[in-house]
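As they're listed, the protein sequences go chains A and B. With the working numbering applied, the first sequence covers 1 to 467. With the working numbering applied, the second sequence covers 1 to 139.
Don't read these hints as lab results, they were simulated from the structure. Where is the CB? At the ideal position from N, CA and C, for every residue including glycine. Careful: at least some of the hints might be erroneous.
Beta-carbon label-pair distances, calculated as ranges [to be verified]:
#	chain 1	residue 1	chain 2	residue 2	range
1	A	R109	B	E129	51 to 57 Å
2	A	M419	B	G108	45 to 51 Å
3	B	G40	A	G383	45 to 51 Å
4	A	R283	B	G40	34 to 40 Å
5	B	A73	A	A270	48 to 54 Å
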Amino acid sequence: MNYRECDVSVAELPARVREEAERTIPLGAHASANVVQYTFLEREGALALRARVRDGETLVSSTPSFPMFDWDEREMRDERGVQFVQIPDERPLFIEHGRVPEARTASGRGVTTIVVGPVHAGIIEPGRFTISSAGESIAHLDAQLSYSRRGIERALEGMHVLDAAPLVATICAACSVSRSWAYARCIEALGDCACTPAAEFARLIFAELERLYNHLFDLASASAGAGFARGQLEGLRLKERVMRLCGEHTGHRFMFDAVQPGGVRAGVLADPAALRASLRAMRPEIERYGTLLFETRSLVARFSQTGIVSPERAGAFGAVGPALRASGGRADVRTHAPYGAYCLIRPEVPYESAGDVLARARVKYREMLDSLRMCDLALAELGASTPDEPEELSFRGGRWTAVTEGARGATVISLGADMRGSITRMHCITGSYRTWPLVARAMEHGIVPDFPLVNKSFNLCYACADR
Amino acid sequence: MSRPFTHALAIRHLVCGSCNGCEHEMNALAGPDYDMTSEGFEIAASPRHADAITISGPMSDAMRSAAAATIAAAAQPCIIVAIGDCAAGAGPWCGIGTAGNGAGEEVGAEIVVRGCPPTPEQIKAGLREAAARLNDGSR
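Please work from the sequences and hints to get the whole structure.
Encoded structure:
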C-alpha cells in the first residue's frame with residue numbers, strides 16, 4: 001500500500017474533493033497547522049489532497065455535497081480553527097467545558113422528544129440520544145457523542161512515535177489491532193522498515209481474531225436488542241471462546257500491543273498449531289450459531305426491514321465496513337488496496353443489498369467464516385515457526401497515511417513526525433467515527449423500540465469516535 | 001455452590017472516558033461463562049435502584065457532572081466500585097490530554113478492581129466484595 005500527496009489551493013479544493021470522492025473511496029478530513037487534508041483511498045493506497053490555509057482565509061465546506069464530511073469539517077473548525085463558509089451545521093461538534101451542544105429536534109403536531117443518556121440502563125458507553133417522535137414513529141434522532149473525549153490527538157503531539165504506540169493501542173479496546181496495525185505501517189513507511197513475512201501473517205491473524213470477537217458480540221447484542229436471549233447467550237459464549245484464545249496466544253484478551261512498529265511482540269503465537277486446531281473446532285459451532293439466528297423465523301422477521309440504510313445514503317455518508325457492504329457497497333480496504341498478508345491471502349468479501357438489520361447480521365456472519373478460513377491459511381503458513389522480534393527502524397520523519405480494515409470498517413491513521421521521531425500530528429479515525437451519523441439516519445421512519453436493535457446492528461464504539 | 005447466597009446487587013455502570021475494554025469485560029458477565037445472575041447481580045435501569053455504582057475510565061471532562069448526578073441520585077447505602085486501571089488512577093490515559101486522574105479516585109471508590117482491563121473474573125470478585133461489604137453491616 002502506497003501513499004501520495006497532492007497540493008491544491010484553497011480555491012480549487014472543493015472541486016478536487018468532489019472529483020476524488022467520485023473516483024476513489026473518500027475516507028475523511030483533518031487539519032494540522034495551517035493545512036487541511038482530505039484523504040481518499042485509491043487502489044494503490046491513500047491519497048491526500050492538501051491545501052495550505054493562510055490567516056483569515058475561509059474554505060468552502062464540502063458537506064453540502066458530501067454529508068460524510070459533516071463531523072470532519074466541524075472538528076477542523078472547532079479544534080484547529082479552520083474557517084468554513086456554507087457549513088450546514090453551525091453547532092459545536094464536541095462538548096467543551098461542560099457545555100453540551102443543543103440537540104436538533106423535529107417539530108410539528110404531536111411531536112414529542114425523548115432524551116436518553118449520557119448514562120444508559122446497561123453497560124454502554126456514554127452518548128445522549130434525543131428522539132423526536134410522533135406517537136411511536138421516529139421523525140428525527142440527534143446523537144450527541146464526545147462524552148468519552150480525552151483530547152488524544154493533541155496530547156500525542158510532541159511524544160516520540162514509539163512511546164505513543166502503547167497509547168494508540170488503547171484509544172479504543174475493540175479496534176486495538178486494526179489501529180495499531182495502521183499506526184505501525186505509518187512508522188514502518190517512515191522508518192524504511194519491512195516486516196518479516198511471519199510477522200505479516202501474525203498481524204493478519206490478530207486482525208481477523210479481532211473481527212471475529214467483535215462480530216460475535218455484535219450478533220449477540222443484536223439478538224439482545226430483539227429480545228432473543230438464546231442468540232445473545234450463545235453469541236457471548238462464542239465471543240468468550242475467541243477472547244480466551246486471544247489471551248492465550250497473544251498474552252492479552254484484546255491483543256493490546258500484539259502489533260508493534262517493526263513487527264509483532266516477541267512471544268506471540270508460540271504455538272500456531274494449537275490455535276489452528278482451536279479455530280477449526282470453532283467453525284462448526286459458529287455455523288450452528290448462524291443456523292440458530294437465521295433459521296429462527298421470529299428473529300429474522302424482527303431483523304427484516306428494520307433500520308434500513310439505502311445504497312444512496314450509505315454512499316452520501318461515506319459508509320465503510322459491514323454497514324456499507326450490507327447496503328450494496330463493495331469497498332473493503334483488504335481487497336481494494338491490499339496490505340500485508342492480504343496481498344497473499346485474499347479475503348472473499350460478502351455483500352448484501354437490503355441495508356437492514358438482517359443484511360448487516362448476514363454480512364458479519366459470513367465475514368466470520370471467511371476470517372476463520374484466512375486464519376487457517378495464515379497459521380498453516382506459519383507452520384511450527386513463530387514470528388521474530390520486531391525489525392529495527394531507522395526513523396527519518398515525514399508524513400504518511402495508512403489504512404486498514406477494522407471490524408467496523410476503514411481505520412485511517414495520518415501521522416506526521418520530525419527527524420527525531422517527535423509526533424507533529426496524529427489523526428486517527430475508525431469505522432465507528434465514519435458510521436455514527438448514519439446510525440442516526442437509519443432510525444428515521446422506524447419506531448422508538450427499534451432504537452436499541454438498530455443501534456446494536458451497527459454496535460459502534462464511542463471511544464474511538466470521541467478520541 | 002461453595003458460598004451461600006448473601007446479597008443481591010443492583011449495579012449502575014458509569015463510563016467516564018474508558019476505552020470500552022472494561023465495558024466489554026463487564027458485558028461478558030452476562031454470558032454463560034460468568035453468569036452474574038447466579039450471584040444475584042443485575043444491571044439496574046436507574047441509579048435509584050442501585051446498590052453499587054461501578055465506574056470506569058480516567059474521567060472525561062464531559063462526564064464529570066453526569067457522574068456526580070448519578071452518584072447523588074443513588075439510594076443509600078450504595079457502594080462505589082472502580083473498574084480498571086484508568087478508574088484506579090493508574091491506567092494509560094490518566095492525566096493525558098483532558099482526561100482526569102482516575103474516575104474512581106475522583107469519586108472516592110471504596111473497592112478498586114485493577115487490570116487493563118480487568119478480566120470478567122476479577123470484576124466479578126470485586127462485585128462479590130461489594131455485596132459482602134454491604135451485607136456485613138460494616139458500613
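Inset, instruction - Just pull the numbers of the violated hints for me, sorted ascending. - result: The structure breaks none of the hints.
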